[in-house]
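Residue numbers (our numbering), protein chains in the order written: chain A, 2 to 282; chain B, 2 to 290.
Bear in mind the hints are in silico, worked out from the structure with no lab data behind them.
Going by beta-carbon spacing under 10 Å, a handful of chain A positions derived as facing chain B:
#1 42
#2 145
#3 146
#4 243
#5 251
#6 259
#7 269
#8 274
#9 280
Derived pair list, reagent style DSSO-like, types lysine-lysine, alpha-carbon separation capped at 27 Å:
#10 B:74 <-> B:39
#11 B:182 <-> B:192
#12 B:243 <-> A:177
#13 A:187 <-> B:243
#14 A:278 <-> B:261
#15 A:75 <-> A:4
#16 A:161 <-> A:110
#17 A:177 <-> B:234
#18 B:58 <-> A:177
#19 B:287 <-> A:278
#20 A:192 <-> A:161
#21 A:177 <-> A:192
#22 A:278 <-> B:233
#23 B:182 <-> A:177
#24 A:24 <-> B:182
#25 B:182 <-> A:236
#26 A:278 <-> B:234
#27 A:32 <-> A:58
#28 B:286 <-> A:278
#29 A:212 <-> B:182
#30 A:75 <-> A:24
#31 B:233 <-> A:177
#32 A:192 <-> A:4
#33 B:199 <-> B:70
#34 A:14 <-> B:143
#35 A:120 <-> A:187
#36 A:278 <-> B:243
#37 B:7 <-> B:58
#38 B:243 <-> A:133
#39 A:177 <-> B:261
#40 A:103 <-> A:161
Each residue gets a CB set at the ideal place from its N, CA and C atoms; glycine is no exception.
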Amino acid sequence: MIKTENLNYIYQKGTPYESHVLKDINLHIEKGDFVALIGHTGSGKSTLIQHLNALIKPTSGKIIIDGTDITLPKTDLRLIRRKVGLVFQYPEHQLFDETVYKDIAFGPKNMGLSEEEIKERVYEAIELVGIKESSLSVSPFELSGGQKRRVAIAGVLATKPQVLILDEPTAGLDPKGRDSILNRVKAMHEKTHMTVIFVSHSMEDVARIAKHVVVMNHGEVEMTGTVDEIFSHSKRLREIGLNIPQITQLAIRLAENGIDTGGTNIYTVDHAVSFLKGLLQ
Amino acid sequence: MEDMIKTQNLIYSYDEEDDEGEGTFNVVLDNISLNIHKGEFVAVLGHNGCGKSTLAKHFNAILLPHSGKVYVKDMDTSDEKHIYDIRQNVGMVFQNPDNQIVSSIVEEDVAFAPENLGVPPQQIAERVYNALETVGMTDYAKSSPHMLSGGQKQRIAIAGVLAMMPSCIVLDEPTAMLDPKGREEVISTVKRLNKEQKMTVVLITHYMDEASQADRVIVMERGSVIMDDVPKKVFSQVETLKEARLDVPQVTQLAYELRKCGIDIASDIISVDECADEIIRLIGKKQNN
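Let's have the full structure, built from the sequences with the hints guiding it.
Written as structure tokens, this is what we have:
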């Protein structure tokens with residue numbers, strides 16, 4: 002679905018502020034995958050995702066979306082942006098219209114769809130993110146923080162992208178809001194088989210919902226793999242300013258004390274409960 | 002113990018008007034009476050909209066109570082003649098580091114507050130140096146803040162507050178926008194301030210692992226304080242916390258689930274070390290039987 006070949010991005014090239022933000026990024030993301038993108042602040046995560054729907058053009062290298070090289074001069078970028086929907090950090094700051102309905106309808110309207118189709122898409126989108134029909138007529142600014150964010154995500158979903166990219170979708174939310182957004186995104190992925198890429202600083206969230214993880218460090222891809230594979234490199238993750246879930250730290254402590262944690266990685270509470278239950282009961 | 006901040010029956014509300022012009026009363030803080038002692042490290046938890054930021058803004062007279070009183074070191078915050086004293090005593094750090102930096106050079110940014118307080122230049126230089134040293138940013142004194150990482154920027158914001166030499170620092174979700182390393186940097190700085198300089202710290206956060214490191218945890222819900230105790234006591238009440246849309250540290254959740262399965266594990270576990278020790282103890286006990 003998404004492939005990058007030797008993607009490089011140099012910020013302010015040829016000036017004293019020149020900085021090499023992305024270095025030889027070679028990524029391959031399959032259709033229907035659920036990928037977490039992690040890395041310290043300034044590691045290039047946000048710059049990378051902005052390349053994926055052509056908001057930024059690479060200094061060199063190729064980006065292939067669904068078979069189309071989007072770095073070629075004649076590519077129809079509008080088409081690419083319909084395929085790849087990007088939800089920025091704090092997307093609720095981008096809400097602007099009078100009602101929730103109008104706000105969500107903005108994207109499909111600009112695609113030139115009929116009123117009927119727009120309506121269908123708005124209803125589909127609110128169902129996916131869990132916004133009630135009765136909220137459609139209220140101002141988006143009257144909603145709570147978590148609800149506003151879901152409306153903003155619905156606005157992107159209404160354009161029916163094949164790839165959904167979310168930049169820190171849970172930043173600033175309370176635990177309940179965090180859980181509800183994650184569960185919605187997960188359920189949506191299961192239902193639509195959309196390719197999902199999300200940027201996160203929460204290793205607990207990554208462990209809970211991602212299939213694959215891409216780890217960035219200083220503009221390079223440090224490692225890629227399944228959640229299991231990535232969290233088994235806890236030492237390296239800490240060296241590059243990341244962490245592992247608290248429950249995984251516990252599993253490591255137990256293993257250090259000679260308790261056989263079964264050779265498997267424990268990275269969710271549920272997993273730890275079922276493992277320790279067997280051991281302690 | 003001496004009080005740093007005291008609130009007495011504090012009530013704060015917003016007036017709202019609906020479409021028909023009918024006024025509704027939206028109570029944000031509902032009769033809060035709290036004492037924050039000198040030298041204490043207090044964490045405040047609560048879901049979005051529960052009133053914790055509104056409460057924090059009463060601590061240095063950014064907001065004033067609609068009824069009730071707030072005292073900072075026995076100074077009434079609604080008495081205008083104390084306002085400079087209060088603001089100098091209680092410094093605030095907010096969520097977004099980019100909104101708090103005013104200058105294009107780190108040391109000038111840190112000097113902003115003491116300059117405005119009319120501190121003599123020689124002393125300003127000393128204060129700035131001390132503040133940067135406390136947050137571990139001395140090497141960046143001549144750097145430009147926008148080139149720093151989020152965690153570094155937040156430490157500069159903290160240094161800016163420290164240069165005022167306050168006796169209390171209030172941090173409103175200072176780590177919400179930071180990566181794990183940045184979070185660690187900020188929290189260890191705050192802990193050090195509290196332990197080494199006896200600074201009173203009020204930390205508002207959504208991260209349970211941060212709150213578990215405080216001396217005392219206050220939980221708010223709908224404008225009221227629903228829990229106020231040491232972290233162990235607060236986090237052992239898993240169900241009450243979940244009802245208040247909150248969470249517990251993962252190891253606390255684990256112990257809770259294991260207890261539900263009939264395993265006799267301690268219910269007041271809040272750290273990885275405690276949890277590991279307890280499990281090792283239980284396994285040892287089982288092997289001896």
